[in-house]
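S.K.: Sequence:
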Amino acid sequence: MFQQFYAATSTAGAPGTGGLLSFILPLVIMFAVFYFLLIRPQKKKQQTRNTMLNALQKGDKIVTIGGLHGTIVELTDDTVVIRVNDVTKMTFDRNAISHRVDEKA
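For the sequence shown, the UniProt record's numbering gives the first residue as 1, with consecutive numbering after it.
Hints listed in this document are in silico derivations from the structure and should not be mistaken for laboratory results. Check each hint, because a few of them may be wrong.
[Said to hold, decoys possible] Listed next, the in silico BS3-like pairs over lysine-lysine satisfying Cα-Cα at most 27 Å (straight line):
1) Lys44 x Lys58
2) Lys44 x Lys61
3) Lys58 x Lys89
4) Lys89 x Lys61
5) Lys58 x Lys45
6) Lys45 x Lys61
7) Lys61 x Lys43
Keep in mind that this is a model prediction, so the values were computed, not measured.
Could you build the full structure based on these sequences and the hints that come with them?
M.R.: Structural data, given as structure tokens:
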């Protein structure tokens with residue numbers, strides 16, 4: 001029974017036609033879909049985040065990744081000092097900033 005099935009499938013086309021292409025083409029298509037759905041949007045998001053972090057200035061109101069709201073008092077390349085209230089100042093890593101709060105909203 002299996003011999004008849006094997007004989008029917010092997011005579012359907014010439015031997016070796018499209019063997020390598022039929023193996024590589026789906027891999028290329030999967031990589032392209034993976035790139036456009038996952039890698040490219042993540043790169044764009046990271047680029048906009050880096051732009052926001054580099055554009056921070058003294059006096060900007062920000063929110064940290066922990067949810068702490070404050071105003072930037074001091075900036076260095078790696079750290080940010082924010083004022084939480086009139087007395088309290090806290091130092092954070094620059095990467096700990098989630099986003100800047102817009103005054104217009």
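S.K.: Hints first: check each against the structure and report whether it holds.
M.R.: Each hint tested on the structure:
no.	hint	result
1	Lys44 x Lys58	26 Å, holds
2	Lys44 x Lys61	24 Å, holds
3	Lys58 x Lys89	13 Å, holds
4	Lys89 x Lys61	13 Å, holds
5	Lys58 x Lys45	24 Å, holds
6	Lys45 x Lys61	21 Å, holds
7	Lys61 x Lys43	26 Å, holds
When held up to the earlier numbered hints, the structure conflicts with none and fits them all.
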